[in-house]
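Whenever a hint applies, use it, and build me the whole structure from the sequences.
Protein chains in written order, with the working numbering: chain B, 1 to 209; chain H, 1 to 209.
All clues stand as given, with none of them false.
Where chain B lies over chain H, by a calculated footprint (3+ residues, C-beta under 8 Å):
id: 1; segment: 93-99
id: 2; segment: 163-177
id: 3; segment: 193-205
Quick caveat, the hints were computed from the structure, so don't treat them as lab data.
The structure presented is a predicted model; accordingly, all values stated were derived computationally and were not measured.
Glycine included, every Cβ here is placed at the ideal spot set by N, Cα and C.
Protein chains: 2
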Amino acid sequence: MDDKLIDLLVDKISEKLNESQSFLVEASGRHVHLSRKDIDALFGEGYQLKLDRYLSQPGQFVSRERLTLVGPKGVLQNVVILGPERADSQVEVSATDALTLGQKVPIRESGNIENTPGITLVNGNRSVTIDKGLIVAQRHVHVAEKDAAKLNVNHGDIVKVKIAGENRSLIFDDVVIRVSEKFATVMHIDYDEANACGFTKGIKGTIVK
Amino acid sequence: MDDKLIDLLVDKISEKLNESQSFLVEASGRHVHLSRKDIDALFGEGYQLKLDRYLSQPGQFVSRERLTLVGPKGVLQNVVILGPERADSQVEVSATDALTLGQKVPIRESGNIENTPGITLVNGNRSVTIDKGLIVAQRHVHVAEKDAAKLNVNHGDIVKVKIAGENRSLIFDDVVIRVSEKFATVMHIDYDEANACGFTKGIKGTIVK
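Now the structure itself:
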């Protein structure tokens, strides 16, 4: 084979390999997860969140209910509640939202809410003030257990992910890998990050070594 | 020399090299540049913008005057005007701002405003509607001519820049290099990008090959 043919083959093979190692990227807007106790307080004893639409993660859904977040300096209205209910309430906002609320908010992995600030949640004339759980979510890739070997990653790995957005390609470092048999393989970033990488719906990410 | 010593030397030397090849990163908020004609219309014939403070780029300054931007669906108040005046008015916003205004805004290099949308600028009871010039600024590094060789870049190059922000390190691709004897060597990103990379004041960027 001549050199050109070899180059062509290498290009085609690596393109194919990259394709199989890429995954969908989704931009998550601000949202709230609620505990049973906080649903009771905000919507009434035993209230069940109503399904609006399912999300890419199996069983996770956008509910029809909305809440208002009240921070020290500002308010965010019409904030989505995701179901199903969780052990602890958690509020995920962007760094831009944190500025609007007037609250310093740490970047945390979902569920890791020790020593995070609280916030007041309002539904009409009912309200709850949680004493922790307000975070900026660390960018992460949900990896289905069956895909972990193919992507060559383990739960807890910190990786770099390349996103080829229009005019704004970038490589996110500090991306945490979360592996579970309950997950679909999808990367989640917030709206600040989506804006910074030229996000469009259906865009793919690829882990770079 | 033994292997450990060599490794240590390589680490120390590359650290030193990286240091000399790094530059300050600044986050630019939304701002307006105005032509003489538009200053006349918004502030009166022959009006001179008043200096508030100088910026890192020699001669460029934040003025004391502010404007309101009126888009199809929303308004941004108290927007900074940068001086001195330019040949063409130009309004630089973030993708988040574009959403607030309700206007699709392209990512463009400063000055490249053909076929960009216009916007209405308001100062009290005076207003001007520009027919083009509304852009999301492409991330860029201003490079002083004397630093271009050291950084191994030429005007117009598209490079990758690593930013080691807290918990949110990333590598921006599609960064344009602008070389001029009038520039100080500083990288400019917008607030979306600043939020995505864990920006803090004084943070440095490094070109990666």
